[in-house]
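**Q** Residue strings, one per chain:
Protein chains: 4
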Amino acid sequence: ADLVSVADYERYAKHHIPPAIFEYIQGGGADEITLQRNRRALDDLMILPRVLQDCTAGGTHTTLLGEALRHPILLAPVAFQKLVHPQGELAMAQAASVLETGMIVSTLASESIEAIAAELDSPKWFQLYFQHSRDFTLALVKRAQAAGYTALVITVDAPLHGIRNRAQRAGFQLPKGVEAVNLKNRPPLPSQQFDASESIVFQGMMSEAPVWQDIHWLKQHTTLPIVLKGVLNPADALYAAEMGLAGVVVSNHGGRTLDCLPSAVEMLPLVRKAVGKDFPLFMDGGIQRGTDVFKALALGADAVLIGRPQLYALAVAGALGVAHMLRVLREELEVTMSLAGTPTIKDITRNALLKNNISGF
Amino acid sequence: ADLVSVADYERYAKHHIPPAIFEYIQGGGADEITLQRNRRALDDLMILPRVLQDCTAGGTHTTLLGEALRHPILLAPVAFQKLVHPQGELAMAQAASVLETGMIVSTLASESIEAIAAELDSPKWFQLYFQHSRDFTLALVKRAQAAGYTALVITVDAPLHGIRNRAQRAGFQLPKGVEAVNLKNRPPLPSQQFDASESIVFQGMMSEAPVWQDIHWLKQHTTLPIVLKGVLNPADALYAAEMGLAGVVVSNHGGRTLDCLPSAVEMLPLVRKAVGKDFPLFMDGGIQRGTDVFKALALGADAVLIGRPQLYALAVAGALGVAHMLRVLREELEVTMSLAGTPTIKDITRNALLKNNISGF
Amino acid sequence: ADLVSVADYERYAKHHIPPAIFEYIQGGGADEITLQRNRRALDDLMILPRVLQDCTAGGTHTTLLGEALRHPILLAPVAFQKLVHPQGELAMAQAASVLETGMIVSTLASESIEAIAAELDSPKWFQLYFQHSRDFTLALVKRAQAAGYTALVITVDAPLHGIRNRAQRAGFQLPKGVEAVNLKNRPPLPSQQFDASESIVFQGMMSEAPVWQDIHWLKQHTTLPIVLKGVLNPADALYAAEMGLAGVVVSNHGGRTLDCLPSAVEMLPLVRKAVGKDFPLFMDGGIQRGTDVFKALALGADAVLIGRPQLYALAVAGALGVAHMLRVLREELEVTMSLAGTPTIKDITRNALLKNNISGF
Amino acid sequence: ADLVSVADYERYAKHHIPPAIFEYIQGGGADEITLQRNRRALDDLMILPRVLQDCTAGGTHTTLLGEALRHPILLAPVAFQKLVHPQGELAMAQAASVLETGMIVSTLASESIEAIAAELDSPKWFQLYFQHSRDFTLALVKRAQAAGYTALVITVDAPLHGIRNRAQRAGFQLPKGVEAVNLKNRPPLPSQQFDASESIVFQGMMSEAPVWQDIHWLKQHTTLPIVLKGVLNPADALYAAEMGLAGVVVSNHGGRTLDCLPSAVEMLPLVRKAVGKDFPLFMDGGIQRGTDVFKALALGADAVLIGRPQLYALAVAGALGVAHMLRVLREELEVTMSLAGTPTIKDITRNALLKNNISGF
Ligand SMILES: Cc1cc2nc3c(=O)[nH]c(=O)nc-3n(C[C@H](O)[C@H](O)[C@H](O)COP(=O)(O)O)c2cc1C
Ligand SMILES: Cc1cc2nc3c(=O)[nH]c(=O)nc-3n(C[C@H](O)[C@H](O)[C@H](O)COP(=O)(O)O)c2cc1C
Ligand SMILES: Cc1cc2nc3c(=O)[nH]c(=O)nc-3n(C[C@H](O)[C@H](O)[C@H](O)COP(=O)(O)O)c2cc1C
Ligand SMILES: Cc1cc2nc3c(=O)[nH]c(=O)nc-3n(C[C@H](O)[C@H](O)[C@H](O)COP(=O)(O)O)c2cc1C
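Protein chains in written order, with my numbering: chain Y, 1 to 361; chain F, 1001 to 1361; chain A, 2001 to 2361; chain W, 3001 to 3361.
It is possible that some hints are incorrect.
Said to hold, decoys possible - With a Cα cut of at most 30 angstroms, we get these calculated DSBU-like pairs of lysine-lysine:
hint: 1; chain 1: F; residue 1: Lys1355; chain 2: A; residue 2: Lys2176
hint: 2; chain 1: W; residue 1: Lys3355; chain 2: Y; residue 2: Lys273
hint: 3; chain 1: Y; residue 1: Lys346; chain 2: Y; residue 2: Lys277
hint: 4; chain 1: F; residue 1: Lys1355; chain 2: A; residue 2: Lys2142
hint: 5; chain 1: W; residue 1: Lys3219; chain 2: W; residue 2: Lys3176
hint: 6; chain 1: Y; residue 1: Lys277; chain 2: W; residue 2: Lys3355
hint: 7; chain 1: A; residue 1: Lys2355; chain 2: W; residue 2: Lys3355
To be verified - Part of the chain Y face toward chain F, derived, beta carbon under 10 angstroms:
hint: 8; residue: Glu100
hint: 9; residue: Pro187
hint: 10; residue: Glu331
Read the hints as simulated data drawn from the structure, not as lab findings.
Note that beta-carbon positions come from the ideal geometry of N, C-alpha and C, so glycine has one too.
Chain Y with its partners taken away, still in its complex shape:
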């Protein structure tokens, strides 16, 4: 009854998810400055509407990486969905199918990527965490391709976990029965020893992290289009474009890795400017309203990803909840487009936003 917006799902989810897991999901890095900024930056943008436009031929249809999308809203890769619902990624895939919503399946899914693909009728892309072993990484990619995934989304902003104090304080741990099933036969890491002047961060964890060279190598070994996820710096986006990659997700990982990163939405126009008008750009972080989707598109995104709201809706009402939540979001986008006088996705340009508003974007 009073589940009428994405925020309502968040409110309800709190009562459907064990506390430590809820903290892990809702929380962000360190002091959550970036997490808050994600919302504030969106809220500070104002829409400048046109009235009395003909919207009867309107629609949210769009095309991305060669695939037709019913709307420019995708399910972001989110690990371990069984944390909040026994059917986890399978239920998510069902909802995505019903709403014709593209789904990006995480390397850290708690169901096998083949089983998820089997439930998924809409665009399916695979999110790749590059693994220490190139062989194993390539094997994963081939599995994904074989299962029908049509694009690779390589996440590059999380070689480390980041400082997740809220989850730490709540004592979050993966419960038994929820695991990264797709990484089961991953070769063990070489054991490491550090001397006093070395660091477990640099000489330890970061020694497993991919570098541009690895992306280049992978590109040569797969026919799937590659999208980099987690780029904020316009220079990195330009580099990706020049390397021939298929797109970039402007993202700070929902404020979950390094705190004090800028919001994706404030970097978006700078990234768009750097890569030119045709390079596919995605954006995520804080999207909760049709107006948020609209703003991201107006600043240069071709589509947005939604993260946490998926889990909230899944926890509250399973596949049905996710489907309803996605429908709410799409209808809000349609209402926004109608009231802004921009009936198609192409009509949503920078002109539909107020320049120089209070926060000076």
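On the provided structure of chain Y, position chains F, A and W with the ligands as indicated by the hints.
**A** Showing chains F, A and W with the ligands alone in chain Y's frame:
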């Protein structure tokens, strides 16, 4: 006793109006960002006064659309006034008459437009929601003209309801006995079927919405001056002026339709600049103080409309309440003009505001 | 024990003053936007210090209107001081004498101006509210001069009370025994009748208000130097300077008259620029700390006035309280000057403030 | 368990430290505007990361004043550490040694500087409060040098205590057994008398404060490198550099002396610009996160000092607590450097911060 300002009526009204109705009235669209911005934008403007000016010949008198107004404050069109008082629009009209305040009667009035006109001694304008049927729309306009209404205010920012989550969560519904009596014999809508790729928003609701063409058509079929209500974009205002319309209400519908619209007051100077100095401009959204009226006039409005405060005063003390509330507002305006050293409406110009204050307006 | 700052006196005073009187004193006009801005504007200014300066010859001494002042802090004119203490202005004058603090006695004092003068050893100036009758006004001025007052401070920002909603809501009234004793034999106002198109504000109250012409006339009839109190507009200050007046108090009357006026401290640099570097400027509104005094001086004031804190200290501990409060303030100013590396009043210039800080002053 | 960040130590410390002492430590000057600004200015800065950089050779090592530092984080001089722990500075020194962290020992240490030096294996610098007697001052310096301290940090922003209202209101006093043991045989101050026009601040306390002349004199009498602590004005920093001093700590003393000083971090880029790129700059005030260290380095600091967190960790868990707190901070810095794509201290430049963000830094 402690009813000394418009805000006091709001405080009291909460105890005179059933909760769901109160939420419907007070609430705005979605996250109410625009609703809050309406107030904040006004509060951020500062008045730069002149001292020791002769104010003995001062007054709030003005002329608009050829009608003499006692003060540049009008009653905005507000639907279903019986929601808060059994006499609804009739009581409102009585109060307007006593205070010599122009009243804009809504298409969605809960009393007949003729009955309201009969109670109304001051300027009476009719707010038109363009209906699907051009014939029925024109019939409404003719009825209004016959009843003595002297101007049409066509609302163009609400072809859809917008996302009114607060009202939804409170379970707001029109109670029995409160209805849009003036639309009773409206021809039924053609029944609609949508295929999977269509949308109930675009191919459904928006197919009934008026476009510029319709305004043009109506202009040719009526002698009444036409004012567009709900314009924020300077380009739309200019278009209206060039089309020969009589004026524009710069408004975001009190933050009730699309959330994340800018405040009317921040768009006002840009709109004024676009249309030149003589085109009649009205403004509404958040007006609660004489200083608010003053600021709107200083930024280019010729008059302001007040929405919610009408209902609050009506709920608290009927026609008497509205009359008192209007008197308070007028006296506050007079005090402001006196202390600012601008004794007549014409004296209130941009020079009476501080430039470049904290928020950078 | 924990009375260590001006704010502590405010906190304590709440328990020493009847509620309605406290609301009247502490409150401001309407929504108290200006009242809050007075503090915020001061708080937003940052001091840029110099280290390792020789301060042994330092001091707060200064000269104004030809009189030597122990420190550039004056007691603002404050009406009806018996509201908070039986000895009212007499106790205040004693405290002022002990701390060598100039006192500006209000036209609306609750003790006779002669009795106050008799208690006052430090500079004594008379605050004049221009009265309807020029004769009576001039008689007041002559009385003041005869009693030893050496300057006239004409308050020009309060021809009307302003909209004091907080005091109204609290039901504030002057208690029996507290009255404007110096206005006792004032000739009665001519009785007035208004027709429907007239206004009690413009044709009533404002018809008694002084205009520039009156100031000019008074200047020709007195030898006392004239300072205008309540000027914010640089153009008005310039006009006063060109007319040969002795100074101006940049002030919004402590946020008590028109709400939505800018803070005095933000207008100060603009006023200083308009009048040149030698014209005496005073400032008041929100001064509660030595750092506040310092900031006002740095932006162009020659001295500051303090209003409400007088009454708080008087209420809490009588003349002793006021003396202690003034001493705290002076010591805070001395500490500020020492730590800023500006040992004398002349050293406190614009260079001692950070330019372009967060709020953009 | 939930002690995972510096802020957690602060939270816990509240329960390990007597209230008045806690207020003294946590509090700042007057209204704590500067104290709050220290944090806000840091929080407002955003990090602009690079992805996919090779960090395997990364590390926090750096060199300052000719000494190798494991990381650019030093323990700020903090008086009277026995206030929170019986072993006071000795425990602190043990923790510093374990984490290879440089420690700056205060003139007002509650243990002898020799005893502290004996526990300290990492870089040891001596913080000097210049004393009235040049002889005694020089004797202190010689003692420090003899005990193995390798640099002098002269604090110049606290010739007076400042207005510490929070500590005053809490009734803070040094408890018995905690004293400035290193000043025990300080010659008594000459007794002073002030006439009415003099001030205990200027003619009293400030007559004991050092001036540039004294720094010059001391430089000629010691071979230790001299760093000035408490400089905010770029002109003062330039003066120090030109005088041949070894470095400057950009600092407002943790907001504990003059309130309304700007934050060190906002002055840092201006100071760096004034002194050129090679002059050693330190910064303190509000550092609580690895991201804070990173931001300070990016704006031109060579290292940062941490103040209050030392005492919080010492109070909660003694030497172990401090060691853990320092490890947390270093690991946060390493994680920040990894995720920002800047593997070494030299890589952290202005380019790693977002320009023109919301607050306009
Ligand atoms: C619980 C959770 C798990 C996530 N797991 C992954 C993941 O496995 N891979 C990935 O690239 N991003 C992951 N993300 C980040 C999301 O893809 C997305 O960038 C982020 O959630 C967007 O912000 P939002 O939650 O505000 O919509 C995860 C986010 C959350 C909240
Ligand atoms: C309860 C309610 C009903 C309204 N009904 C109408 C309406 O029927 N037609 C219309 O053009 N505007 C309508 N409005 C909008 C007002 O005309 C006006 O634009 C708005 O209330 C101004 O903002 P304010 O309420 O902050 O003064 C309505 C507003 C409210 C609060
Ligand atoms: C209770 C009260 C009475 C006042 N009476 C007078 C007055 O009689 N004449 C006048 O010029 N200003 C009067 N003022 C204004 C003060 O002179 C002064 O401008 C103001 O209080 C300064 O702001 P502050 O209270 O924040 O220091 C009064 C202020 C207060 C609070
Ligand atoms: C309790 C306490 C005692 C201090 N004692 C000294 C001192 O003796 N000498 C000095 O130069 N600074 C002293 N400081 C200031 C610190 O060196 C440092 O500048 C400040 O604490 C940095 O801010 P932070 O506490 O936010 O990190 C002291 C600070 C505190 C909190």
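**Q** A separate judgement is required for each hint: does it hold in the structure or not?
**A** Comparing the hints with the structure gives:
Note on lysine 1355 of chain F and lysine 2176 of chain A: the hinted pairing is violated, with a Cα-Cα distance of about 45 angstroms set against a maximum of 30 angstroms. Between lysine 3355 of chain W and lysine 273 of chain Y, the direct Cα distance comes to roughly 16 angstroms. Compliance with the 30 angstroms bound is thereby established for this hinted pair. Distance restraint check for lysine 346 of chain Y and lysine 277 of chain Y: the Cα-Cα separation of roughly 12 angstroms lies within the 30 angstroms cut-off, and the hinted pair is therefore satisfied. A threshold of 30 angstroms between alpha carbons decides the hint, and for lysine 1355 of chain F with lysine 2142 of chain A the separation of about 42 angstroms lies outside it, so the pair is violated.
This hinted pair does not check out: lysine 3219 of chain W and lysine 3176 of chain W have alpha carbons roughly 36 angstroms apart, beyond 30 angstroms. Between lysine 277 of chain Y and lysine 3355 of chain W the CA atoms are separated by roughly 23 angstroms; this keeps the pair inside 30 angstroms, and the hint holds. This hinted pair checks out: lysine 2355 of chain A and lysine 3355 of chain W have alpha carbons roughly 19 angstroms apart, not beyond 30 angstroms. This hint holds: glutamate 100 of chain Y has a C-beta 8 angstroms from the nearest C-beta of chain F, less than the 10 angstroms allowed.
Of the supplied interface hints, the one on proline 187 of chain Y is violated, with its beta-carbon coming no nearer than about 46 angstroms to a beta-carbon of chain F, more than 10 angstroms. At a threshold of 10 angstroms, the smallest CB-CB gap from glutamate 331 of chain Y to chain F is about 6 angstroms, leaving the interface hint in force.
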